[in-house]
Every structure is written in structure tokens, then in C-alpha cells.
Amino acid sequence: MLDIRLRPEEKAALTLRSLYEGRGFAFYRMSRFEEYDFYADKKDFLTSKRILTFTDTNGKLMALRPDVTLSIVRHAKNLSGVQKFYYDEKVYRVPKNSDSFREISQAGIECVGALTGENIREVLELALLSLKTVAEGRKFVLDVAHAGMVAELLKDNRDRQAILKCIAEKNIHGLKALGAPGKIIDLMETDAKIFSVLDGDTANIINSLGEYHDELRVDFSAVSNLNYYNGLVFRGFIEGIPEGILSGGQYDGLMKLMNREDTRAIGFAVYLDLVGSETND
Amino acid sequence: MINIALPKGRLGEKVYKLFAAAGYEFAGMLDNSRRLVFENKELDMRCFWVKPFDVPVYVERGTADIGAAGKDILMERSPDVYELLDLKAGACRMAVAARNDFREDTEKILRVATEFPNIARSYYSGLGREIDIITLRGSLELAPVLGLSDVIVDIVETGTTLRENNLSVLTYIADLSARLIANKAAYKFKGEVIDEIMRRLER
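Chains as they are written, first to last, in our numbering: chain U, 1 to 281; chain B, 1001 to 1203.
No wet-lab data here; the hints were simulated from the structure.
Mixed in with the good hints, there may be bad ones.
[As the list claims (entries may be wrong)] Lysine-lysine pairs mimicking DSSO-like chemistry, simulated, CA-CA at most 27 Å apart:
1) K1041(B) <-> K165(U)
2) K1190(B) <-> K132(U)
3) K193(U) <-> K1190(B)
Please read all numbers here as calculations on a predicted model, not as lab measurements.
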């Protein structure tokens, strides 16, 4: 055993890696650079639209990876069976409300293929276990919702973007002023413990995670980007950390974009830079 | 402990009176002193005055669990927070105004003076109109009068200042008032207390 003192985010990263490894997920190491064209037509699936680019010696426009998911999915899409990968990487993005690029540490998992309910359950369970690991005894919460239900209710709605913004803000007065569908407002006002408002499959999965019923909550403000997620979405919080530390969901749309309509995908990321960013209270 | 950020100034005083009427009093808040932080040990709450434009920053970063901010400032900064309640205090509107004799020349880039560049940009990009933004820090009415800009995007309360300067409203962009906002993570763990504050303020 090496005798070295780890920083909190390093320790968290290693603990998460051993958690994912123990569940049979394979480590995915990606290259730092990808061709820019690879990202250019998949911008809906990037958290930040801005990409750090440079010209390689052969004149090709290259990008410093803004994201890990896209690369894993490209690697996994033509493999048979259900592919399970985890990663622990740095990505390069412009964070919200910032105007310069930053190196951001992320760990997470992706599960790609003909997913069964059991696969989805496992990803959700690992999200909860990841939070528990990083929380180290503090309280944590995993908000769950279903992006597909919202997409269905907002089909052909011309105020779609404005309504989605109000959903993410829990802005009920704003939804009412926009004349949003009553069913959307009902979903927003649902008691956090009534899992049956979610579709049958999702509700069953959540019910099977009985030991986490205190931490699991239905909260539709977790739905913000319908271009990315199409099914289950979830967002994790740890007491004392001022923003969401885990974010994930089902993103079959990306598989469609990669011409694999028969394939589904689900995953999440843990934002390791936030470990150790506690507010003093 | 719940930390509350209120905007220093007229709007903040109105909002504080709502809090006090709902049973959340902080001794000395309305005295004209230089103190900025006030604590009520019994309620286990702390309240502080910050610059109105900074309220969303304190809340987004979790220094304050909740706060009150004008909708204009929320639209301008678009912070990642929950907007839980329309407090209805300080109701006014965001408007586009110009000189009474203004006729828009669509062949030219429109010069827009404003204190709210993001709101102006998003409004005109929605119309597909190319604009030149001139960011000013007040006395907006002067800009079209002196020919610095064609129009202004500004807050209009009664319209008196506009009239006195021979300006008039072309369009209203949004209804404004103070809103109760909350840090997303704080709401997960202090949600019961925050919901109670919301219920009492709503009455």
C-alpha cells in the first residue's frame, strides 16, 4: 500500500472506481483529443456548446474532449450485448455563468445496448451508492423524474422552451402565467413520495430500491433538457454541497443519431470538483 | 440555520415587511445603520442586505439558502435557482421605449440603450433584429433624447419619467416583481422550513 495522503476528490474518485469495478463495469480510458467533426453534429448531447479546438499538424481541426459519454457510446454501439463502462476523466468546458474554459473532473458510468429493467435498476442503485460513498455519513437525496412524460405533454407546444425553464425553476406561478398544461402543474405539485405518478416500469424499479426510500424523491425539476434525455432522469445532492453533484438519465436519442435505433443507453456523471466545496453553515 | 439574502433598498424594505408580517422578524433590520447581517436565534435564521443585483449570486452559490430578487435581475442573470413564489412587491414592467416621434428604420442596425444587455439581446434575437447594445448605468431616458440610442429597454413603473422626457412605450417585454428564490441543494435538505416560509408569505 502506498503511503500518500489523498485530496478529498481523489479519494472519492478511487472509491467510486472500486465501486463500479466491483459491479463488473469496465474502465474506459479515452484519448484527450477527438476530431472536432465528431462533436459538431451532436451538440444537443453536450452540456456546454462551446468546444476548445486547435489545429493538428496535419491541418485537421481537433477538440479537447468536452464530454466522455459521446466517446464511450461511439466505442460501445457496435459491440453486442449490454456494454457497461465507467470512467474517471477530465473534460474541458465553459461552466455556466463563466466566460472561460475550465478543466472539470468527472467520474461516472454508461450502460449501452438492449437494456432491461434490471440494467436500469442497477444504474439507479449505483447512483445512490455513489452519493452514499461521497456523502460519507452526510444526508443525500436523489431526485427522479421522467423526461418522456414531459415531452409527451409538451408535444407541439409553442411555449415549450419557456415551460421547460419554469419546470427547472419549480416556477408554478410562471407555468400558470404561460398557460402550461394542467398535467404539467400536477406533476410539479405531486408529493415527492408518490412514485406511482411515474410510468409503470420506472415506478416498479424505484419500488424495488426500498432501502433508499428516504433518499429517493419524485421531482420533475430534474427534467431540463428534452433534447438529451428521453426517459428516466435523476439528479443527486449531498447536504452542504451548494449544487447538484450527480446528474444522469436515459438518452436513447443519441443512439438514434448514431444510427442504432434498436439500442438504448443510460448513465450518469459525478462532478468530483464539487467534493470538498462545502458551504460553512 | 436558514440564511436569507434581501436586496438593499426600497424593494428590499417592502419584502422585509412581508417577512416581518409573516412572523420572521429581525431586530434592527430597518434601522438606518451600516450593519448588514441580522440574526434571530429563536427562529434559527439569519438575514442580510446585499446589492439587489447580487442576490441571485448569493443564492446560487449557497451562501444564502433563499432570497428575494426582482424578476428583472433574474431574467438578466439567469441563475440556476428555484423561483418559488411571486411576492408581488414592486410590480412594474420591462418595456421598450423611444422618442414620441420615433419611426423605426429597419434598414439600419437598431441602437438599444439599456441596463439589461442580456434581456435586450434575447428579446431582439427572438425578433431576428440586429442591434447595437449600449450598456448604461442609469438615466436611460437621456440616451434617445440626446441621440445616443434609438430606443431604450428599461423598467417602467408609472411612465411619468418617460412622459416628462417626451418618450413613450413601444412594447412591453415582461411583467416584473420581487420573487422568492431558493438554492436548489439547500431546498433538498431544508425544504420543510423553506416551504413553511413560502406558505406564510403567500397568505
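For each hint, the structure was consulted:
1. K1041(B) <-> K165(U): Status violated; Cα separation ~36 Å.
2. K1190(B) <-> K132(U): holds, 19 Å
3. K193(U) <-> K1190(B): Judged against 27 Å, a Cα distance of about 17 Å means the pair holds.
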